[in-house]
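Chain A is already provided as a structure; the job is to place chains B and C on it using the hints.
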Amino acid sequence: MSAPLISVRGLCVTGSGRHAQPVPIVRDVSFDVRQGEVLALIGESGSGKTTIALTLMGYARPGCRISAGEILVAGYRVDRMTIQELRAFRGKTVSYVAQNAGTAFNPALTVMAQVLEPALAHWVMPRREAERKAVELFRAMALPDPERIGARYPHELSGGQLQRLMAAMALMTDPEIVIFDEPTTALDVTTQVDVLQAFRSVIADRGITGVYVTHDLAVVAQIADRAVVLRHGTVQEAGSAEQILLAPREPYSRELVAASRIAPRAAAEMPDQDAAPVLTVSDLVVGYGPKDEEGLPARRILNRVSLTVPAGGTLGIIGESGCGKSTMARAISGLQSRAAGSLTFRGEALAGDVARRTAEQRRRLQLVSQNADLVLNPAWTIGAILDRVLVFFHGMDAVSARAETLRLLELVKLPPSVAERRPGALSGGQKQRVNLARALAARPDLILCDEITAALDPVVAAAILDTLAELQKALGLSCIFITHDLHALRAVCDRVAVLLGGHVVEECDAASLLEGVHHPYTRLLSGSVPEMRVGWLDDVMAERVMALPETGNGIGRQAGRDGCPFVPRCGVFNGDLCVNGPVPVRVEPAGHRHIACTHTPEALGRLMPDFQNDMEQTGGMI
Amino acid sequence: MRDLFALRRKIPPGTRRILTLLSAWLLLALLGPMLAPHPPGEIISGEVFGPVSAHAWLGTDYLGRDLCSRLLWGIRYTVAICMMSTALSCCAGIFLGIATTVTPVWVERVLGRLMDGLLSIPSLLFALLVVATAGESAPALILTMAIIYMPGSYRTSRALALRIVRMDYITAARARGETRSFIILWEILPNMTDPLLSDIGLRFIYAVLLLSNLSFLGLGVQPPMVDLGSLVRENILGMAYGAPAVVVPTLVIALLTVGINLTLDRGRV
Amino acid sequence: MKGRPGSLSAGRSVMGRLVMSRLGAAGFSLVFVIVTIFVITSALPGDVADTLLGQGATPEATARLREALHLDQPAWLRFWHWAGGMLTGDPGRSLLTGHPVSELVLPRLHNSLLLAGATAAVSVPLALAAGLACAMFRGGWFDRIVTFLTLATVSVPVFLIATLAVFVFAVQLKIVPSLSDIGSIHSVWQFIRVFLMPVLTLTSVTVAQMVRMIRACMIDVLSAPYIEMAVLKGLSPQRIVLLNALPNAIGPVVNAIALSLSSLLGGVVVVETVFSYPGMAGLMVESVAARDIPVVQCCALVFCVAYLALTTTADIVGIASASRKRDA
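Protein chains in written order, with this note's numbering: chain A, -9 to 612; chain B, 425 to 693; chain C, 1096 to 1423.
What the hints contain is simulated information worked out from the structure, not anything from laboratory work.
Keep in mind that this is a model prediction, so the values were computed, not measured.
Cβ atoms here follow ideal geometry from the backbone N, Cα and C, with glycine treated the same way.
Errors might be hidden in some of the hints.
Sample of chain C residues at the chain A side, in silico, Cβ under 10 Å [to be verified]: (1) Ser1137; (2) Ala1325; (3) Ser1331.
For the chain C half of the interface with chain A, some residues (derived, Cβ under 7 Å), not all of them [stated by the list, open to error]: (4) Arg1188; (5) Leu1317; (6) Pro1320; (7) Tyr1321; (8) Leu1327; (9) Gly1329; (10) Leu1330; (11) Asn1339; (12) Pro1342; (13) Asn1343.
Here are the simulated distance ranges between beta carbons [as the list claims (entries may be wrong)]: (14) C:Ser1116 <-> B:Leu459: 52 to 62 Å; (15) A:Asp18 <-> C:Ala1224: 40 to 50 Å; (16) B:Tyr486 <-> A:Gly53: 53 to 63 Å; (17) B:Pro648 <-> C:Val1266: 21 to 31 Å; (18) B:Arg690 <-> C:Val1266: 34 to 44 Å.
Here chain A stands alone, though its shape is the one from the complex:
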């Protein structure tokens, strides 16, 4: 067998700490990558995965340096190269696809100018030829309008397009190795599928050797041949991708794999569907801009949204970025005023503005927001934060409040010593637990969780979800769980509302999300969440062609205000009613489903055949 193309031995990277003391970031890391292979570097934030990937280009971020080890890349000893040699090496022999293309593209230059830069700076080819090559790469990346897309500025393009353009830029010099640094993490799932597919096909077509940095095991299953699991800058386990995903040996790898396989909530726990709901949202409209003929804002973030939250149950709200799900959280908690509609909470009408709600209403409905860093006042200790809620809502004295605070900390599985610390001294997961404890301190009936696991690593997120589910059962809480993550949704929710462009396109039982008849968008969404299974991407691409035929009718159209927001991407477009609305909401009794579609459920079932059998099987084990 030939010698490996990349060979790293005993790599150490140190950073300078608070008082310029050296802090090890990467310790004694060794691995090999052979020609034509894709190696995945797997790890959570702080595991050193990006730092290691960057050392392959001889680069260490400001404040860090490569302190020991041998790095052999494509025959070069990268750790011994001078700055001039490195300059000639970077972008030519090895190129880099950054995590967030939105910030990695220079806002002041056109995309084409930046894509050509590596080829021109390394004198690989003349400008005219480079432009031709760029257009060819744009086409290979399945970018729209490849001839002219280069003339645009980054802010005129979407995240998925930029990510593909960045890959095209990386391929301009025909490098031997491409480093992908979490290239799809910032994308919505439905976009992620296309981008992954584009990456995979160019990697295969051009015989590229790849290093793929990610925290998402499901992505690893689609793209990598081999994998290295990292933690705190050391290698935990190395092996073939399949072995690590299916039969991890080391305890940490097992934990990681287990966190990616959150079990969906069992249907038996479902609350009584017919009991009076704890919260009813009807015809909620939130928007901005001038008033239209109905006296409502012309630009709507939420358009006539109706939902019910079952007593003691959990309603999940799922949608992509920009669908209005955070606005929904703010409108329900009274922080964002509504233009129309009503909220009924435990039989009472809720005012739109929090200041006009009663103290009792404010106490009974608590918001747990996404970013725990911003939600805990850095000047206060954790104890003081929780005490304040108890004093405010229950009029406790200092002694009993502190006793209750310690009990609450125990409830969210934090040690009592946390009470004396400030938010800055806690980890992200701990802060989110405090955030949860603060909501519980009010003894609410309903808690509103807005993307509470979005900023956390999978293992930590899984533990938080466990705690939440336990607490809910123990305290009989009702819950609204807002997320973009289908796994998290299925782990804690009974009912699901699918939000798109400010409309609820479907409401159904969480248990039946992957079976039976659904809105086409729900199908696209649930079909796009990567599964930890080799070959999943091929199946999805095959199913897309079959189940969502590109009839072309809807493509290129834009829905009106009351039309279906899925029109531009819909494969079963049904004429002007879809565009202009109002779209009828049809009830599919078998799964308690409400589907907003111009097709009847029966017609949808005919147009989009049921999920493939193997998907149903794996659906249970995601």
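Relative to chain A, chains B and C alone:
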């Protein structure tokens, strides 16, 4: 209230350094004149621009007065006038700056425009205008400088407060139903103290610079009072001989301003 | 998708509105300045007539002067006359000499503009070069030295630098005259000699301020992710700074330059006095000492308008660059 205990915390080193430095200067201003070996107006020697000696520790000035004594009085006036004007301008600026983040929008509109107007008059020019009509009395100087530096303090504290008001913990306090004054005093203010203190330090430097420049032009502190700027002005002829009478006050001004600025800069980087 | 065809023009119209509202604010500030100058100089306690004539004046003389100065008229009428005169180019007559104020101010304004122009011409390129160099070699010896020097310069009073310059160049080295005498300029060498010290002093203050601001802007841009990307593309430092960083920094940098130039006005007052430079600031200081109010008013207004113009330009440049960033 228990919160009081919760809010007490270790002062960060940058803040401690600047507080120490400012208190040292204040102490020198208060006690310095008591240590002066001679009355400031007394002519102690026939020799003008005299050198350093046992009798006159820092030499003599253009009339043969003891420079050391005059310098200690000069420090008192410079530091006192500037600290008072800084205190006035910052109190008003910080109060208005935070208050406008929770008052109706039109209050900010009106106040913001007035502050803009004040900011569009260069500071030295504003001082000259006032001196031209009101004369150079110490209260007039303090009040003028307080007005000159108020808009800047207003701007800074408002920007700081606005950034904090957008934080989720303020939202959480609002959703809980806390009162406006609780939010200002307990949720916003504790998170502003460190950056505000460095802003106050900066404004104190500006005030020292302005007062020194004015006095140097002969339009600031008037005899028989003396400040650092007027010390340099009255002894400027000693420049030709490199006399301590002109070199030392110059150095003291530099020590005061550069020292505070370096301390602030260290905190920033 | 963000790539709507209308987004670009929408961005421009937002920018247009912001610029208009900034110009409106500048207009309001101008009115505020005019009123403030008038109020401070005429409505504060202390009767100008008493001050001018001194203790021994007869009541008749005082009354005559009051009438000549329109002090017997109500304040709003005096303001109307004065503001109208200012705006139509007739700022009245000097109380001391009786000459029209414009005759006094115009030649002095010319001299001051010459000084400011020379300073700007020297300091802008110097500050740009030093600021860029500091940002490129951040933390190196050049950066440390320049950072300390500029910090020291901006934190000492201008007269300190001016007297230092006199001490070194005029007293010790005797290569330049310590006083400026514009009338005696007959050759380029003389021009340089006469201008050297005032320009040098002003330049050091202005450059220090600009370098600090430019350095901060550049460091901000150079820490952006797209600069790291440019490094990883294997581009040379020159290409990175000039082609990748500068297009993004140009707005903030121009903003910084305009703001620094506006702070030059304060320095001009001191420098002209120290070097007896026959400029407008010197005239104003003399007139303040002599309580010659019409001259003070006129000088103050000219200064304020210049200051307002510079700060407004700085803000508009800032708006333009920020609106491009916001689109991004």
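A quick look at each hint next to the structure:
At about 48 Å, the closest approach between the beta carbon of Ser1137 (chain C) and any beta carbon in chain A exceeds 10 Å, and the interface hint on this residue is violated. Taking 10 Å as the C-beta contact cut-off toward chain A, the hint placing Ala1325 (chain C) at the interface holds, the least distance being around 7 Å. The beta carbon of Ser1331 (chain C) comes within 6 Å of a beta carbon in chain A, closer than 10 Å, and the hint placing it at the interface holds. Taking 7 Å as the C-beta contact cut-off toward chain A, the hint placing Arg1188 (chain C) at the interface is violated, the least distance being around 54 Å.
Below 7 Å, beta-carbon pairs count as interface contacts, and Leu1317 (chain C) has none with chain A, the closest being about 10 Å; its hint is therefore violated. Against a cut-off of 7 Å between C-beta atoms, the interface hint on Pro1320 (chain C) holds, since the closest Cβ of chain A lies about 4 Å away. A hinted interface residue such as Tyr1321 (chain C) counts as satisfied when its beta carbon comes closer than 7 Å to some beta carbon of chain A; here the least separation is about 4 Å, so the hint holds. For Leu1327 (chain C), the suggested interface contact is upheld, since its CB lies about 4 Å from the closest CB of chain A, less than 7 Å.
Checking Gly1329 (chain C) against chain A: minimum C-beta separation of about 4 Å stays under 7 Å; hint holds. Given hint, Leu1330 (chain C) at the interface with chain A, holds; its Cβ is 5 Å from that chain's nearest Cβ, closer than 7 Å. Checking Asn1339 (chain C) against chain A by beta carbon gives a least distance of about 6 Å; that is within 7 Å, so the hint holds. Using the Cβ-Cβ criterion of 7 Å, the hint placing Pro1342 (chain C) at the interface with chain A is satisfied: the shortest such distance is roughly 4 Å.
Taking 7 Å as the C-beta cut-off, the interface hint given for Asn1343 (chain C) holds, the closest approach to chain A being about 5 Å. One distance hint, 52 to 62 Å for the beta-carbon pair Ser1116 (chain C) and Leu459 (chain B), holds here, with the actual separation near 57 Å. At roughly 45 Å, the beta-carbon separation of Asp18 (chain A) and Ala1224 (chain C) lies within the given 40 to 50 Å, and the hint holds. Our hint of 53 to 63 Å for Tyr486 (chain B) and Gly53 (chain A) holds, since their Cβ atoms are close to 55 Å apart.
Separation of Pro648 (chain B) from Val1266 (chain C) is about 30 Å and conforms to the stated range, judged on CB atoms against 21 to 31 Å. A hinted range of 34 to 44 Å for the beta carbons of Arg690 (chain B) and Val1266 (chain C) is consistent with their spacing of about 35 Å.
In terms of the numbered hints stated before, the structure departs from hints 1, 4, 5, listed from lowest to highest.
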